[in-house]
Each structure stands twice: as structure tokens, then as C-alpha cells.
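Student: Same order as they appear, the protein sequences are chains A and B. Following this note's numbering from start to finish, the first sequence increments by one per residue and tops out at 461. Following this note's numbering from start to finish, the second sequence increments by one per residue and tops out at 70.
Watch out, some of these pointers could steer you wrong.
Covered stretches of chain B (chain A as the covering partner; in silico rule of three or more C-beta atoms under 8 Å from a C-beta of chain A) [as the list claims (entries may be wrong)]: (1) 18-25; (2) 32-39; (3) 51-63.
On the chain B side, residues computed to face chain A include the following (Cβ under 7 Å) [claimed, not checked]: (4) 11; (5) 42; (6) 45; (7) 46.
Restricting the straight-line Cα-Cα distance to at most 30 Å, the calculated cross-link-like pairs of lysine-lysine (DSS-like) are [as the list claims (entries may be wrong)]: (8) 259/A x 280/A; (9) 291/A x 280/A; (10) 13/A x 71/A; (11) 120/A x 56/A; (12) 120/A x 96/A; (13) 102/A x 30/B; (14) 30/B x 291/A; (15) 73/A x 56/A; (16) 259/A x 22/B.
Keep in mind that the hints were calculated from the coordinates and are not lab data. Fair warning: this is a prediction, and the values are worked out from it, not measured in the lab. For every residue, glycine included, the Cβ atom is placed at its ideal position computed from N, Cα and C.
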Amino acid sequence: MTPLYKLTVTEASAQIAEGDLSPVSLAEALLERIDRLEPSLEAWVTIDKNAVMESAVQLDQELKAKGPRSPLHGIPVGIKDIYYTAGMKTTACSKVYADFVPTYDATSVSRLKGAGAIVLGKTVTTEFAHNDPPPTVSPWNASHTPGGSSSGSAVAVASRMCPAATGSQTGGSILRPSSYAGIVGLKPTFGRVSMYGIHALSWSMDTIGPMVNCVEDAALMLQAMAGHDPMDPGSSIEPVPDYRRALDQMDKPPRIGIVRDFFFSNSVPEVQKHTEEVVQLLAKAGAQIEEVSLPASFDTALDAHATVVNVECAAFHEEMFRTRADDFGSGLRETIQVGLLIPASYYVQAQRLRLTYRREMDALAQQWDVLLTPTTHMTAPGDLKTTGNPWFQSPWTTCGLPTITIPSGLSPSMGLPLGIQLAASSFAEGRLLAVARWCEQILDVHLAPPEAQQ
Amino acid sequence: MPGKGQPESRDEIIHDLTQKAVSLWGQKRALALRERIQQVADQMLTVSNNLPHFEAIPTPYPANLPIT
């Protein structure tokens with residue numbers, strides 16, 4: 008029998024709905040798992056065991072009386088510590104917010120709770136989701152970075168301390184740590200999920216999404232989180248489709264555009280070789296594979312991204328920075344400082360470039376079911392002073408298109424996870440998830456670090 | 003400087019940013035930022051050398067814009 012901590016959201020949800028598993032048992036199993044692994048992995052900032060068990064008991068009673076609210080009923084979820092959680096510390100892993108307790112939930116948190124999910128605890132983030140390294144340890148190899156900024160969420164899911172967690176991405180902070188951890192990470196279209204109640208790094212770039220162990224779980228989490236929020240000016244009014252149903256609507260193998268420009272040429276040989284092998288497997292299974300050329304505006308994407316992020320990050324922290332500059336981590340402090348130096352006209356020009364770039368990339372992505380690249384140019388670096396390079400994700404964050412990473416294998420040299428990144432056109436998460444699930448089934452790769460195999 | 007009739011060079015951008023950093027945080031902290039300032043200058047140069055068509059409107063929140 009599968010240990011409870013190894014259940015995916017989909018598996019646990021089915022058992023809970025059938026009455027074969029109680030939310031109380033699941034919560035207990037995960038808390039026990041956390042007790043065992045957390046001292047060595049440091050994925051969590053705050054866990055309130057009493058609150059978790061209270062919620063589990065309540066949801067169990069509700070389940071017996073009325074049935075499940077949704078597929079997330081009774082599912083414990085890790086929440087990245089930049090998401091406001093009412094009555095629970097939300098520190099952004101920063102000295103500056105060490106004692107901050109919000110009085111309200113982020114919209115995404117209240118939606119997850121409304122769907123019956125349990126807030127298991129707050130997961131470690133790099134400080135304010137920037138790039139100063141976290142204390143979190145990779146369960147694959149402790150001398151390699153777990154990545155960031157959603158470090159705690161990636162490690163917690165990979166090591167089966169929770170079946171799902173939430174992340175955020177401003178550069179590469181959902182997909183990069185997900186790929187390093189060997190799990191699935193989804194960054195929806197900018198505006199698909201409300202950013203209300205999330206500590207900002209860069210308002211016009213930040214996107215939140217789920218980190219899970221399989222594509223179907225990502226669909227279930229997104230279903231609960233997605234939708235317009237009048238409290239968030241960046242939130243889209245685009246209707247939310249049935250993502251779970253979309254998974255089953257692939258009537259033929261997909262058309263996949265391979266983006267070799269930039270992504271393959273900047274990958275280490277091992278990643279290039281691996282990705283080519285993956286492409287061949289997908290082609291053998293019937294996928295129609297075509298080469299994609301990037302538009303000229305791609306060449307400016309990373310620099311426009313950096314300009315916008317530097318300035319918006321500086322604006323967010325400006326007031327606190329006046330009196331507490333030395334309480335910020337060195338990397339974040341430098342970003343705030345350079346952001347305060349950049350003249351306003353450059354910020355505006357960068358946003359103008361983004362509009363052109365977004366239109367061109369969206370038009371490109373519409374020509375295929377998905378675009379495919381390696382998720383990262385190398386496996387997790389063996390350097391704990393870095394969280395890795397987001398340059399394979401930043402172009403997608405800049406244009407706001409939805410992307411997902413799925414694990415595709417282990418590197419022969421280091422035995423560390425590798426992933427493939429799929430991108431789709433705006434608000435095509437249904438198609439993206441369907442193709443990702445198809446790829447997941449063809450590749451049949453299910454990774455678990457040594458800790459999670461115990 | 004803006005308005006002088008031609009785009010700023012990399013050295014000019016670095017000079018301007020450094021001067022501003024000195025006035026805000028002093029010589030020592032400005033020096034510590036040198037590498038980062040150089041990086042930012044390169045990024046700003048890319049932006050200013052690739053200005054989009056005059057009709058491109060800055061749109062920080064594009065979520066509800068139609069895609070054309």
C-alpha cells in the first residue's frame with residue numbers, strides 16, 4: 008500500500024472522495040514526514056500543527072456531512088512565504104518583515120481554502136523572492152542549490168512533505184527550482200491568477216502558480232486559484248475553463264515547435280543531448296515536431312525584463328529601504344539601489360518593448376500547440392551562493408505566456424533532475440496542460456530524491 | 003544626458019549612474035555597486051538602442067488587452 012505521504016493530489020483526492028482516506032490521517036502523515044525531514048532540508052518557515060489538525064478535523068466532518076467541496080478537499084498545501092495568510096506570519100524570509108502577520112489572506116489562499124485545501128505551512132522563499140540564496144537544502148544533493156526563489160515549495164513537494172505547494176515567478180522562480188527538484192511547476196499567463204495579497208518583487212512581472220508531482224495535480228490547483236479578482240488591477244477577465252476536462256481533450260498527438268535559438272545553443276552539451284533525445288521520443292510517439300525561429304524582439308527581452316524588475320523592485324522597497332537598508336540581503340539591496348538609479352524613461356521604454364515582444368511571441372506560440380525548450384541550461388549548480396540562472400524562464404515571464412516544466416530524466420553526469428519547458432499562447436493553459444500530460448505519459452519519468460524513497 | 007541630440011554611450015550611462023549613486027550613498031557604497039552599474043548600463047543601452055515603433059504604448063498590465 009502506498010504510504011500516505013507519497014500520494015499525489017489526484018490520488019489523495021480520489022481516496023478522500025470515496026471515503027477511503029480521511030483528511031485527518033493525511034495531515035498526520037505529512038506532519039510526521041515533516042518532523043522527520045525538515046531538520047535536514049529546511050523547507051518550512053512556519054507550521055502551526057494545531058491549526059492544521061483543526062482544519063483537517065473540520066473538513067473531515069464536512070466531508071461526512073456534505074461530501075467534498077472540490078478535488079482539493081482535505082489536501083494539505085504548502086504556501087510560499089510571500090503569500091499573505093491571515094493570522095499567520097508572512098515574513099518573505101526577510102528581517103524587515105520578520106514579525107509581520109497579515110489580517111487577511113491573499114486571494115489565491117482564500118480560494119484554495121474555499122476549495123477545501125488545508126494550509127500546511129509557509130515554505131521558504133529567497134528574501135522577497137529575489138536571488139539571495141536560501142537556507143533550504145536540495146534533497147538530491149546537499150552541495151547543489153535547490154534553486155529559487157520558490158526553494159521551500161520545490162523541496163517540500165519533491166521530498167513528499169506535501170503533495171502540492173505554491174510558488175511565484177518573476178524571472179524563473181517556479182520552473183527553475185521545480186526542474187532542479189524533478190517536479191512539475193506551472194507558471195500561468197500573467198493575470199490568470201490574482202496577485203492580491205502577495206509581497207511583490209515586480210508588479211508587472213510577478214506570476215504565481217502551483218508546484219506539484221504530476222500534471223493533473225497542476226490542473227487541479229490552477230482550477231482553484233485562477234480567475235478574475237477585482238482587487239488586482241492586473242487580473243484578467245478571461246473566463247476560466249475546466250482544466251481537468253481539458254487534460255482529456257487531446258484527440259491526436261500535438262504539434263510541437265522546438266526553439267533551438269538561444270535555448271539549445273546556451274545549454275551545456277549534456278542538456279542539449281538529453282533534450283534532443285526527448286524530442287525524438289516525442290516524435291516517435293506521433294508528435295509533429297517543427298523548428299521555430301524567434302522574433303527579433305527576443306534579443307531585447309532579457310534586458311527589458313531586468314530594467315522593469317530593477318525599477319519596480321526598488322519602488323516597492325523604497326520607503327523601507329530609507330531606514331533599513333542594511334537589513335536587506337546583499338543581492339536584493341543592490342537591485343533596489345540600481346533600480347533607484349535608473350531614469351524613468353528607460354523603465355517606460357522597457358515596458359513599450361515588452362508590448363511589442365509579447366505580441367510577437369503570442370503570435371508565434373499560436374502557430375503550434377506548444378513550444379518546447381530545455382527548462383534550464385544545466386542541472387542545479389554545485390554552488391550554494393547562487394540559486395541558478397533564470398535566463399531560460401525570464402523571456403517567458405517577460406511576455407507573460409504560460410509555461411510548465413515536467414521532469415524528463417536524470418543527468419548522466421550528476422544524477423540530478425532535468426526537465427523540459429513547454430510554453431503556449433496567452434490563456435491557453437488548458438492546451439498547455441493537455442500537451443504536458445501527453446508528454447508526461449510518453450516520457451514516463453517519475454523522479455523522487457533519495458529522501459523521498461525512504 | 004537626455005535631450006542632447008544623440009543616445010548616451012555606455013560610458014556616459016555608467017558615469018551618470020555612478021554620480022547619482024555617490025550623491026545618494028557616498029563613494030564607498032557607489033564603488034561597491036560598480037559591477038552592477040555596468041550590468042545595468044548594458045541593459046539600458048539595449049533598451050535605448052531598440053526603441054519600438056512610436057505606436058507601442060507601455061502596458062504594464064496587459065492581461066485584458068486583445069491580442070492582435
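Student: Identify every previously stated hint that the structure contradicts and give their numbers, smallest first.
Tutor: 4, 14 and 16
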